[in-house]
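Since chain A is already given, all that's left is putting chains B, C and D on it; use the hints.
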Amino acid sequence: MSSSDEHAHSARHPHLAEHFETIQQQDYAARLGMWLFLGTEVLLFAGLFLGYTVYRHFYHATWHACSQALSLSLGATNTVILISSSLTVALAYWAVKVGKRNLALGLLAFTILCAIAFLCIKYVEYSHKFHVGELPGKWFRAEELMQYPAANMYFTIYFLATGLHAFHVIVGMSVLLWVAKGIWKGRYTPDYFVPVELGALYWHLVDLVWIFLFPLLYLI
Amino acid sequence: MTQQSQPSADSPAVYPAVNYLNADRGVKSWLLTLDHKRIGIMYFASVLVMFLVGGIFAMAVRLELLTPGPTIMGANTYNRMFTLHGIVMIFLFMIPAIPGVFGNFCMPLMLGAKDVAFPRLNLLSLYLYWTGAILAISAIIFGGIDTGWTFYPPYSTTTPMTAFPALVGIFILGFSSIVTGLNFIVTIHTLRAPGMTWMRMQLFVWAIYATSIIQVLATPVIGLTVMLAGIEKVAGFGLFDSAKGGDPVLFQHFFWFYSHPAVYIMVLPSMGVVSDAIAAVARKNVFGYQMIAYSSLGIAFVGFFAWGHHMFVSGQSPFDNGAFAVISMFVGVFTAIKVFNWVGTLYRGAIAINAMFVYICGFLFFVVFGGMTGIAVATISLDIHWHDTYFVVAHFHFIMVGAVIMGFLIAIHYWFPKMFGRMYHEGWAMVSASFIVLGFIATFIPQFLVGNAGMPRRYYMYPERFQAMNVASTAGSSLLAFGFIIIAIYLIYALVRGEIAGDNPWKSMGVEWQTTSPPDKHNFAKPVVITKDPHSYQKPGEEVEHVVI
Amino acid sequence: MNELMRNLLWLPPQASTLAPKIDNLHYFVITVTMAASILTGVLAFVFFFKYRERHAGQSTPIVLPSVKFEIAVIGVPLFFFLLWFVQGFQDYIWYTTPPKNTMDVYVMGKKWMWKFSYAGGGPNAIGTLHVPANRPVRLLMTSRDVLHSFYVPDFRVKQDVVPGRYTETWFEATMPGRYQIMCAEYCGTWHSQMWGEVVVMPGPEFDAWMVEQKAGLAERVDTAGDDGGDMRGSIVEYGKKIAMTEGCVRCHSLDGQPHIGPTWLDLYQRRETLESGEAVIADEAYLTDSMIDPRGKVVKGFKPIMPTYKGRLAAPEAAALVEFIKSLRSTSLENLPSKEATYDPAKPTQRR
Amino acid sequence: MAQATTTESAHAKDAHHHGTKSYWVVWVILLACTGLTVFTGQHDLSHVFPSANITIALIIATIKASLVVWYFMHMREAAGTNRIVFVTSFVFLLVMIFGVFGDLWTRSPMTLPYHTPTTEGPEIEVPEGGAHHAPAHHSPSPEHHE
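Chains as they are written, first to last, in numbering that gives the first Met the number 0: chain A, 0 to 219; chain B, 0 to 548; chain C, 0 to 351; chain D, 0 to 145.
Hints were generated in silico from the structure; no laboratory data involved.
Quick reminder that beta carbons are idealized off the backbone N, C-alpha and C, glycines included.
The reader is advised that the hints may include incorrect statements.
[To be verified] Computed, partial: chain B to chain D, Cβ under 8 Å:
(1) 188
(2) 258
(3) 304
(4) 314
(5) 315
(6) 318
(7) 322
(8) 325
(9) 329
(10) 433
(11) 434
(12) 544
Pulled out of the complex, with its shape left as it was, chain A reads as follows:
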């Protein structure tokens, strides 16, 4: 992660790398690098959104039927969980900036708890699908959806999209753990907090992707 290279020490500022002139220049570089990385993440998910729209265009009726098969309540709770975690991680970033170290740690803990809750709900949904047989490709054997052409394609897209997103949730959690360790050890203080911001940015992106995934998969 681009946040991992800001820790070289020099006399001018405790966290200024030797090839940068000023801390503002280093912060600007770190933020630009992070936003570029977020751009690549958006394009990574772009492929799956394209697959979704193409096959929805081909199998309109199937898409409508299969999306009814998903449980809307679980999806909605997941959305609320992620939005709230987005709030708490933003507050944690604010807390670090104003120096409230314990508040920041508490908020980060809550965010990680939300992430775990999200993954648990995902596990429940997945196990239900494995049980009922709404699976991608050759394992598809859900009776009531059998009469729709290419119903397995919906679940291929579903598992690919939510699987990749769940992986990003796990990565986001570990990033937040790393940031929490930094705060705990006192490395991130009101005058050096950019890595906290980068960790928060990554978590917000994970939430952003779910904001688009939720309506497309659950509500159409």
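Chains B, C and D in isolation, oriented as in the chain A frame:
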């Protein structure tokens, strides 16, 4: 040297005792280095090894095509050979070569910076490259991969041969490319020397900037495509399998959305190298600096909209074919601008006679001929006859070997003194340059003709009527290989016992020539301040004639 | 002029109405390309000699392009490129819209062979497509397993063949003759052998042929149907029955056991070394020759005692035997049958 | 100092010390939007205008996304280049989708995957007022069907 001073021609060439090569010793100091120059040298070594491996596959393919029937290998082996030739050359040599080697080594020097923005990320990119390379090459051991470098399903997902290691290898190489691109963009934005505005950057830096934009924005899509192909092959999700409702043409959209911008990732850096080299060889200001700089960005952006011209006969609708064809025409215009401005730079210059200029002449001819055959292939009605024949093979080799490898050789000959502090033998360089140019023409002009005659690509056995041209092409390719061997010999000789090059053997005005060669570990003794436009060769205070064409 | 340019560029003969259109644009584009690249190369050399470095440290003027020059540099290439696009797109639209009265042929691309069946109950054929001259023919193509591409260089016609959907192309042959079909999209081990032939016959001769084919369809097959085919039992069983009745299995084993004659398992496309020492690939031609003239190419290690079947085997029976031999494949890696890729059509859906 | 943009984001740094009120307001709006999109998702609104459901859902999702990006991700104070970078990635997402849909919208119905072909001959559809195809008036003879 605070000011960007005129290089003193008469001071005796001196080889700095302490430089980045011997600053600290030991293998660990190399493997864990954060110095962009060392990472560039390690990229240089691994990229050359990959070029050798790819070249061996190329020679195997060419030898097989000597006779219409089976010559030296079976059908499956031949299919593996051309697939590995494609994968190794494109993913392991063309894409990482110039950005990885000269982008890492020269670009920070040209900016007057101490290092790239994220040195640790730079080292990560090198390790990702090595891992990806080992995985991709290991495909030979696991029974080889015979799907062609394009992995089109349903063949790639139903072939008994394991494509999985190569797919994972390319997935990892994608990340190496993203990380390099990201690193360079941030470096160019933040670490420019004081006084260096965007319009005072050298054209090589502009080309690397445009390439990095494509690397960052296009590579994630191939990462996803290769992951989907791997999942499809292993788990049978049926995303592109028509029996399960999928559409194989959709994979082609996924694949070419990345692969067309990827061809610009390959060609743009070599155009940047040539822009710099032409200015240095002709010792003249670049003719139309803004035009060349903006056309690099133009190619980067418009290149994203033109991927459909690879799928004219794949079942794409006529409307979309027309849309992609028009957009492809505009991308061609940017290359034409560059060529006119390069030739304009030579006008009324003081051209030094050296090997680089032989390459530059070859480069100009090949870029124009290769580029315009590209426009010809983008004309839909002609593509019906040419698609997937040797005409297309000849076109992209004209650009890949003619433009990119020629650009790579120009870069080697131009910056070799700066990287190693020694000079190569000019005479041998001229000899090998002519071998390379003639061998190249002898290899690929016959392929244009046999493509016109209708010989399809990736053919193990072909009708007898195509044999004459294939034999000529194989003869040409051995001449080309011979040329590369001579280059290797005199460069290695120069490494060990070449005469001392001195700080600025070409008397070039590039910022990277202001420091010693090989440069110090921290690049510049005193911080560099830029006051003049780049590539401007008039002596300070000397009044020079201004000509406007 | 046309012939000169065609030979100069190694283009195949122009045997369809599409070919002259494409070739004319081709000549225009290639001449402009050659002119531009030679101009650039020569200009570079001229500047090289005219402006070489006379003395060390020679100062050079600042030469800057005027706006007029820049517009010309953008305008001229763009003009040519767009001109080609317009001409190319017109020819392309003409190529993608078949005329009204076309004769329809269904083309099935299958791993390394082409199969044709004529609309309206016409005959089936493997590898050879009979078409009338000067009459448009429309091909409705699909693939049984992987991507292929129907390519006839002499007609300048190429169209990918995609499994699970139809692609369409058409041509109007102008000169009677035999033209080679080649597969242009990589499709596996024998992609380079997936050839076929278009036999262009004059109109009346074709009509006579078609009538004779349709008449004969009831009791005799021109060449094999599909291996899961619908003709009177599949061609492979027909071949097997002939092998039994004609006594081939007395000397040739079907499961790989050594016997009096070479085993037929995995015989197709196997590289055999003959008594005379030279190697040969056991393809259709070799198999048919060996039935007619068994002592011509005897495989090393076997005695030349096989009787000739000339006159005892009709052409379709020989073809059926060859198909039967081709179907005897073990599951070795070399020629894995493309079973798992065959598609069972998903349930038909009601129109949206 | 050529880095004009960095000094600008330096000033922006002290603007951060306002209260957290804006975060809570944005949070409430996001929850409201989620409720709205769930509500509209359950009712078939295609009578309002064709494919209304997906358009409304996407509009609401874009609003939510831009709120998160503008406030939570501090795009408000970010330097110009960061904004361009993030917006370009979304632009290329749309380019990719519309490039592919240029193909799908304009394909002839016969070449679409769900037009299920029988293994031998297709049922030739006569497009309304389209070209009269020879085989159209009689479907391929029965023995063609497996």
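Checked hints:
1. Of the supplied interface hints, the one on residue 188 (chain B) holds, with its beta-carbon coming within about 6 Å of a beta-carbon of chain D, less than 8 Å.
2. Evaluation of the residue 258 (chain B) hint against chain D yields a violated restraint, the C-beta minimum of about 13 Å exceeding 8 Å.
3. Against a cut-off of 8 Å between C-beta atoms, the interface hint on residue 304 (chain B) holds, since the closest Cβ of chain D lies about 6 Å away.
4. For residue 314 (chain B), the interface hint holds, the least distance from its beta-carbon to any beta-carbon of chain D being 6 Å, beneath 8 Å.
5. Checking residue 315 (chain B) against chain D: minimum C-beta separation of about 5 Å stays under 8 Å; hint holds.
6. With its C-beta approaching chain D no nearer than about 4 Å, residue 318 (chain B) sits inside the 8 Å limit, and its interface hint holds.
7. Because the beta carbon of residue 322 (chain B) sits about 5 Å from the nearest beta carbon in chain D, less than 8 Å, this interface hint is met.
8. Among the interface hints, the one on residue 325 (chain B) is violated; its C-beta lies about 12 Å from the nearest C-beta in chain D, farther than the 8 Å criterion.
9. For the restraint placing residue 329 (chain B) at the interface with chain D, the shortest Cβ-Cβ distance is roughly 14 Å, beyond the 8 Å limit, so the hint is violated.
10. For residue 433 (chain B), the suggested interface contact is broken, since its CB lies about 43 Å from the closest CB of chain D, more than 8 Å.
11. The beta carbon of residue 434 (chain B) comes no nearer than 42 Å to any beta carbon in chain D, farther than 8 Å, and the hint placing it at the interface is violated.
12. The interface hint given for residue 544 (chain B) is violated, since its Cβ lies 32 Å from the closest Cβ of chain D, which is over the 8 Å cut-off.
In this structure, the hints that do not hold are numbers 2, 8, 9, 10, 11 and 12, in rising order.
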